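The whole structure should be built from the sequences, with the hints applied where relevant.
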Amino acid sequence: MSLCVDVFVRDTNGQFRVLDVPEGCDDSAGFESWRQSVWGSDTARSLGARFLPVLAERDLYVEAHEVVDFLGEVTLLRANLERIATTTWRPRELAEHRSQIERRLDNIEATARRAQELGAGVLIW
442 MSLCVDVFVR
452 DTNGQFRVLD
462 VPEGCDDSAG
472 FESWRQSVWG
482 SDTARSLGAR
492 FLPVLAERDL
502 YVEAHEVVDF
512 LGEVTLLRAN
522 LERIATTTWR
532 PRELAEHRSQ
542 IERRLDNIEA
552 TARRAQELGA
562 GVLIW
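All residue numbers for the sequence shown refer to our numbering, where the first residue is 442 and numbers rise by one.
In short, the hints are calculated from the structure, not lab data. Just so you know, these numbers come straight off a predicted model, no measurement behind them. A hint or two may mislead.
[Said to hold, decoys possible] Ranges of calculated distance between the beta carbons of each label pair, as one might list FRET restraints: (1) Gly489 to Val462: 28 to 38 Å; (2) Pro532 to Asn454: 20 to 30 Å; (3) Arg499 to Pro463: 24 to 34 Å; (4) Arg451 to Pro532: 17 to 27 Å; (5) Ser487 to Ala536: 17 to 27 Å; (6) Ser487 to Asp510: 16 to 26 Å; (7) Leu535 to Asp461: 14 to 24 Å; (8) Leu535 to Arg451: 37 to 47 Å; (9) Glu498 to Leu460: 22 to 32 Å; (10) Leu535 to Gln456: 34 to 44 Å; (11) Arg533 to Gly455: 34 to 44 Å; (12) Ser487 to Ser443: 23 to 33 Å; (13) Leu559 to Glu534: 35 to 45 Å.
Built from N, CA and C at the ideal position, the CB exists for glycine as well.
Structural data, given as structure tokens:
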């Protein structure tokens, strides 16, 4: 199984609706195992990440008013990509692991930017 990253909107009753992924965009946020091994890792937590580590316990809902802070966390993790790649469990070579994390951060950031433009939230599930 894989984690997906999507934009969501809430209606007046607080119910959410996931928007379709635009053509040409990738909604992959990593492997299901990454909930604990990458996004919820001790390394991510030690860097000060507070959104993505939630995935170790449950799906992540970033509300519209939190998207700017969430983008800051993505920037923080990207700045520490080498540390994350070298200290998290990987079934493949380091270069491939690093590349996969970077691609997923790209997808997460692109989705968060779409959410920001729409005044919407981000869901990783």
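Structure-based check of each hint:
{"no.": "1", "hint": "Gly489 to Val462: 28 to 38 Å", "verdict": "29 Å, holds"}
{"no.": "2", "hint": "Pro532 to Asn454: 20 to 30 Å", "verdict": "43 Å, violated"}
{"no.": "3", "hint": "Arg499 to Pro463: 24 to 34 Å", "verdict": "26 Å, holds"}
{"no.": "4", "hint": "Arg451 to Pro532: 17 to 27 Å", "verdict": "37 Å, violated"}
{"no.": "5", "hint": "Ser487 to Ala536: 17 to 27 Å", "verdict": "23 Å, holds"}
{"no.": "6", "hint": "Ser487 to Asp510: 16 to 26 Å", "verdict": "18 Å, holds"}
{"no.": "7", "hint": "Leu535 to Asp461: 14 to 24 Å", "verdict": "35 Å, violated"}
{"no.": "8", "hint": "Leu535 to Arg451: 37 to 47 Å", "verdict": "40 Å, holds"}
{"no.": "9", "hint": "Glu498 to Leu460: 22 to 32 Å", "verdict": "25 Å, holds"}
{"no.": "10", "hint": "Leu535 to Gln456: 34 to 44 Å", "verdict": "43 Å, holds"}
{"no.": "11", "hint": "Arg533 to Gly455: 34 to 44 Å", "verdict": "41 Å, holds"}
{"no.": "12", "hint": "Ser487 to Ser443: 23 to 33 Å", "verdict": "26 Å, holds"}
{"no.": "13", "hint": "Leu559 to Glu534: 35 to 45 Å", "verdict": "38 Å, holds"}
Hint compliance for this structure: hints 2, 4, 7 are not met, and every other hint is.
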